[in-house]
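There are 2 protein chains.
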Amino acid sequence: MYEGAVQELIDELGRLPGVGPKSAQRIAFHILEADPEDMKRLATSITTVKERVQFCEICGNVTEEATCSICRDTRRDPSVICVVEESKDVIAVERTRSFKGRYHVLGGSINPIAGIGPEQLRIRELMTRLSDEQIQEIIIATDPNLEGEATATYLGRLLQSIGVTVSRLASGLPVGGDLEYADEVTLGRAFEGRRSVSS
Amino acid sequence: MYEGAVQELIDELGRLPGVGPKSAQRIAFHILEADPEDMKRLATSITTVKERVQFCEICGNVTEEATCSICRDTRRDPSVICVVEESKDVIAVERTRSFKGRYHVLGGSINPIAGIGPEQLRIRELMTRLSDEQIQEIIIATDPNLEGEATATYLGRLLQSIGVTVSRLASGLPVGGDLEYADEVTLGRAFEGRRSVSS
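Top to bottom, those sequences are chains A and B. Note that my numbering has the first sequence beginning at 11, numbered continuously upward. Note that my numbering has the second sequence beginning at 11, numbered continuously upward.
Any given hint could be a false lead.
No distinction is drawn between identical chains; accordingly, a pair holds when it is met within one copy or between any pair of copies.
What the hints assert, rightly or not - Here are the simulated EDC-like pairs of lysine to aspartate or glutamate, each with C-alpha atoms no more than 16 Å apart in a straight line:
1) K50 to E95
2) K50 to D83
3) K98 to E13
4) K110 to D87
5) K110 to E147
6) K50 to E74
7) K32 to D21
8) K50 to D21
9) K32 to E18
10) K32 to D99
11) K98 to E43
12) K110 to D99
13) K32 to E96
14) K32 to E147
15) K110 to D83
16) K98 to D153
17) K50 to E157
Honestly, the hints are just simulated from the structure, not real lab data. These figures come from a predicted structure and were not determined experimentally.
Work the whole structure out from these sequences, hints included.
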């Protein structure tokens, strides 16, 4: 055990995700030895984020204003909504440059073990958008894992009756991957979703 | 890329040791979603450490006062000094509960590639202690790697003429380890340092 402030810092750092006791100690000593100005900037950026960053009133994405830059962007197609689990998924889809619509961030996925049901997610807000905005298509882009699939299935059923086109991102072989190393579920999905190559 | 404050936080976190871009993003989103009070405490503990923690005037260990708790402790044997590379090594030795003397923290090890020579380490301070204090024994506990060995050899030569007992921690098989998996250098050292088992 270290003296007061050092141990406190190690404890605080150790509560961050993916930071074990050894990394917490290593980061704490880095902070101790680093330039005070740099460390002041780190501390300030933590408080700034908590003070300034909020969640977009419309889609739930992170933003420093009432609505996020994507919802404010009038060049984006307002008739298509891509539903994702987290803000980081928005960034991932944006990087593809192949989606020009808007987003809806659920804030997680259905996970009964962790006690997260549909009512803990921003599904009610999505339904409100569907009745208020002129939405024609919903693309469900939840993670291709158990929780993501459960969420997609739930949303699919919920949206069935509303008269919008609902789709789910394709599952299949990752580009640049190796058929030999693909797991059987992925390979099975790739077969199911096979596309015609006739020219 | 995220908007302003979030990206700034990710950048700052990414500069910490052992935190890659993915972990920085994960930690940043944890901070965003965490309780504001908890995050205020994290930010405060960073600034507190920088304001309050200093290095002990005598041994160079971390402390919140002019001298560290070990140097202040009159029950510790003032005639034996254990020389370590970093403050974290002090904690490691303290955990063994088998050393009752005092410490001297060098602040690193000799590493010509990184441009760290003996003059960058707290060796001058050690020599001053040797002339001022009643020291009879020096135990060199630098890391058992290339840089630590170089530092130990350098210190050994420097201290030779002073008339104090100088020793180096034993190298050998780690307790609970497996002979089969020991590397050849460690096993070689274990042979060299073998001890009589006669009762």
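To see whether the hints hold, each was checked on the structure:
1. K50 to E95: Cα proximity of K50 and E95: none, with 33 Å in one copy and 27 Å across.
2. K50 to D83: Intra 34 Å, inter 33 Å, cutoff 16 Å: neither.
3. K98 to E13: So K98 and E13 pass the 16 Å test across copies only (12 Å; inside, 38 Å).
4. K110 to D87: within (6 Å within a copy, 72 Å between copies)
5. K110 to E147: Within one copy, since 12 Å is at most 16 Å while 73 Å is not.
6. K50 to E74: Answer is neither; intra-copy 21 Å and inter-copy 19 Å both fail.
7. K32 to D21: within (11 Å within a copy, 22 Å between copies)
8. K50 to D21: Classified as between; 14 Å across copies, 19 Å inside a copy.
9. K32 to E18: Only inside one copy: K32 and E18 sit 14 Å apart there, 25 Å across copies, limit 16 Å.
10. K32 to D99: between (30 Å within a copy, 13 Å between copies)
11. K98 to E43: Cα proximity of K98 and E43: across copies only (13 Å, versus 32 Å in one copy).
12. K110 to D99: So K110 and D99 pass the 16 Å test inside one copy only (15 Å; across, 55 Å).
13. K32 to E96: Only across copies: K32 and E96 sit 14 Å apart there, 29 Å inside one copy, limit 16 Å.
14. K32 to E147: Result: close neither inside a copy nor across copies, 48 Å intra and 31 Å inter.
15. K110 to D83: For K110 and D83, only the intra-copy Cα distance (10 Å) is at most 16 Å; the inter-copy one is 67 Å.
16. K98 to D153: within (12 Å within a copy, 41 Å between copies)
17. K50 to E157: Answer is neither: 39 Å inside a copy and 32 Å across each miss the 16 Å cutoff.
Violated hints, in rising order: 1, 2, 6, 14 and 17; the structure is consistent with all others.
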